[in-house]
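Student: Chains as they are written, first to last, in this note's numbering: chain A, 1 to 131; chain B, 132 to 360.
The hints are simulated quantities; they were obtained by calculation from the structure and are not laboratory data.
Since this is a predicted model, take the numbers as computed values, not measurements.
Built from N, CA and C at the ideal position, the CB exists for glycine as well.
Keep in mind that a hint or two might mislead.
Claimed, not checked - Under the rule of at most 25 Å between Cα atoms (straight-line distance), these lysine to any residue pairs were calculated in the SDA-like manner:
{"#": "1", "chain 1": "A", "residue 1": "Lys51", "chain 2": "B", "residue 2": "Gln349"}
{"#": "2", "chain 1": "A", "residue 1": "Lys125", "chain 2": "B", "residue 2": "Gly279"}
{"#": "3", "chain 1": "B", "residue 1": "Lys350", "chain 2": "A", "residue 2": "Lys125"}
{"#": "4", "chain 1": "A", "residue 1": "Lys107", "chain 2": "A", "residue 2": "Pro87"}
{"#": "5", "chain 1": "B", "residue 1": "Lys350", "chain 2": "A", "residue 2": "Tyr43"}
Unchecked claim - Only part of the chain A face toward chain B is listed, based on derived beta-carbon distances under 10 Å:
{"#": "6", "residue": "Glu61"}
{"#": "7", "residue": "Glu63"}
{"#": "8", "residue": "Val65"}
{"#": "9", "residue": "Lys66"}
{"#": "10", "residue": "Ala67"}
{"#": "11", "residue": "Val68"}
{"#": "12", "residue": "Gln126"}
{"#": "13", "residue": "Glu130"}
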Amino acid sequence: MNEEQLLYAPTHEWVHVAEENGERIATIGISAFAVELLTDLVYMELPEVGKELIQGEEFGEVESVKAVSPLYSPVNGQVVAVNSELPDRLETLSDDPYNEGWILKVKLAGDAELANLMDYPTYQKQCAEEG
Amino acid sequence: MSLDEALLDQVGENGRTGCLRFYFWDQPTLSLGYFQSHRSRDRHTFSQACPLVRRSTGGGAIVHAEELTYSLVLPVRHASQVTRLYEICHQTLIAELSTRGIVATRWGQARRGSVGDEPFLCFLRRSEDDIVIGRHKIAGSAQRRRRGGVLQHGSVLLRKTCHAPELAGIEDLSALRIDPYELARRWSARLGDCLGVGLCRGRPTAGEVEQAARYRSQKFGNRQWTHRR
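Just chain B, same shape as in the assembly:
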C-alpha cells in the first residue's frame, strides 16, 4: 500500500501515466477503510489474530487472506466521476469470470431489498457496483482521490478463510479452481482495452521506491496512523 501511495503521488504530480498492480499479503492481514475506527475490529472475532493496517482508501474492512488484491492508479481524467472506474474494473472482471462459466453480476442488478446498517467487513456491505455471485459479494473496490490522480484498491475473494469464515469466495460458489495469476493476467488485458490504455510490464522507479519507504514509516507501518481513529 505504501507503493500504491507513492505511485499516486507520481501520477498526480509528475505525469506518470498510471499503474496496475496485483498482490498477495505475507500473512493474513486485516485492513481498515480510511475512516473506520481501529476499535471496530473488536466486532470481528475471527480476524483478531491478524495484524492490522489502515488503508488510505474508503469503504469497509477487508481480511486479506485467500483473496487477490489489486491497485489501479490513473490520472483523474479517466475517472472524473467516482463510480466510473468501479464500473470499468467490475464489468471487465464479470466478463472474465463469464468465460469460465461463472455467472457474476453487479449488486445493483441482483439486489432484492436493502441491507440496513453498514457491517464492519467490506464483503458484508453492498453497494451498486460490487460484484456478487447470487447474493454473495466476491469483489469490491474503494478509492483515494487526490488532485490529478485516483488510486483504486480492490479485493477479489477467491475462497473461504478461517479468518472470515462467514464469507464465501468464487471457488466455494462455483466449485471451480481459480488460478489468481491467470485471472490477473486475463483481467488486466480486458481492463487495458476498456480503459483505452496500453499496459506493459514495468518496475517502480528508484524515486517511487524511496517515497514508498517514507510512506511505510510515516503511515502504513506506523501504529499512530493505524490507530488515528
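Here chain A stands alone, though its shape is the one from the complex:
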C-alpha cells in the first residue's frame, strides 16, 4: 500500500478503504512513525473477528520497552479479519507496516467518520510537531 494514499488517525493508525464483495472494507495498521516511537515491540493483543469497533475507542494493546499502549480504532464497524500471525512476528510492523504489517480488516458501518481522519500531508505535519 502506498502510505501517501492512506488516511490517518491522530493516534497514528492508518486506514485504507476498498470495496470488497459490495462491502466497504477498511484495512487498518499503525504508521511507521508510531512503530518507531514505540521501539521494540514484545507483545500485541488483538480483538476477535466479529467485534464491533467504535472510532476513537481501544481495540487492542501493545507492549514495548515495558510500556503498555492502547491501539485505537480509526473507524466504526465490525472486525471481519485479524492478522493473527502478527503477534508472533512483531518485527513485521517495522519491516513492512503498510502491507504485511496490516492489523485488522473492518466492515465499515458508514463513511461519515472517515472525514475525521487526516490525509498524508496533514499527518506528516502532526508527526513533525510530535517528533
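Given the coordinates of chain A, work out where chain B should sit on it, guided by the hints.
Tutor: Just chain B now, kept in the frame of chain A:
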C-alpha cells in the same frame, strides 16, 4: 494500584496535572506484568506463598517485599518518548544514591554482554535504563500509556527477602542502612526539579477514591483480571 489507575484517568481526561506516590504493601505480594501469564508464577518457588496481583503496566513480575514502590502519573507531553520518563526517574535516583556514596549506574552503561531469554522476575531482567549496582539490578520501571496520560510504576529493591532470596538490594550491596521515607522525600525533590514541576502534598479527590474502588472490584482485586492470561 487501583488509585494509580484512577489518577491516570484524571490526568488523561480531566487535566489533572500529575501525581507521584510512594507506597509499601500490607503483605509480601507478587505482581505480574500486564502481559505475563499467571501460570508463569509456578516458575518461581520462593514467592508461592505470596498473594498474586496483575499490574496494568508492562515488564516482569515483582516481589513486593523489602522494596519501595513508586507510581508517577503525568500528562503524556512529559514523556512522548517511552524511554524519556525512565531516564528522568532513574537518573535522579542514581544522583540521590550517589550522595550517600552508593555507586549505581544505568545498565546501558554497565552491561558487558547480553542476558538471553527474559526471566520471570523483573529484577532478573535487564534493559538499558534499569539501575544496577555492579551487575545487580536495584531499580526498574514500567509504564501504562493512555491517550493524554502515562502511568509509570517502579520498584526500588532495598534488601533481600526470603520471597526472592536470589535478589540483593541496595543495603546488601552497599552495607548502608536506607530509610525509605527519607529516600522518597529526597528523590521526589530531585524528580520535581528535573521534570520542571512543583510538587506539593495532596490527597486524592472523592471522585478519584470512588473510581479507585471501582477499579479494585473490577480489576486489581478481581481474580478474573489476575488470571486473564
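Student: Please go over all the hints and tell whether each is borne out by the structure.
Tutor: Verification of the supplied hints:
no., hint, verdict
1, A:Lys51 <-> B:Gln349, "holds (21 Å)"
2, A:Lys125 <-> B:Gly279, "holds (19 Å)"
3, B:Lys350 <-> A:Lys125, "violated (38 Å)"
4, A:Lys107 <-> A:Pro87, "holds (22 Å)"
5, B:Lys350 <-> A:Tyr43, "holds (20 Å)"
6, Glu61, "holds (8 Å)"
7, Glu63, "holds (4 Å)"
8, Val65, "holds (5 Å)"
9, Lys66, "holds (4 Å)"
10, Ala67, "holds (4 Å)"
11, Val68, "holds (5 Å)"
12, Gln126, "violated (12 Å)"
13, Glu130, "holds (6 Å)"
The structure shown violates the earlier hints numbered 3, 12.
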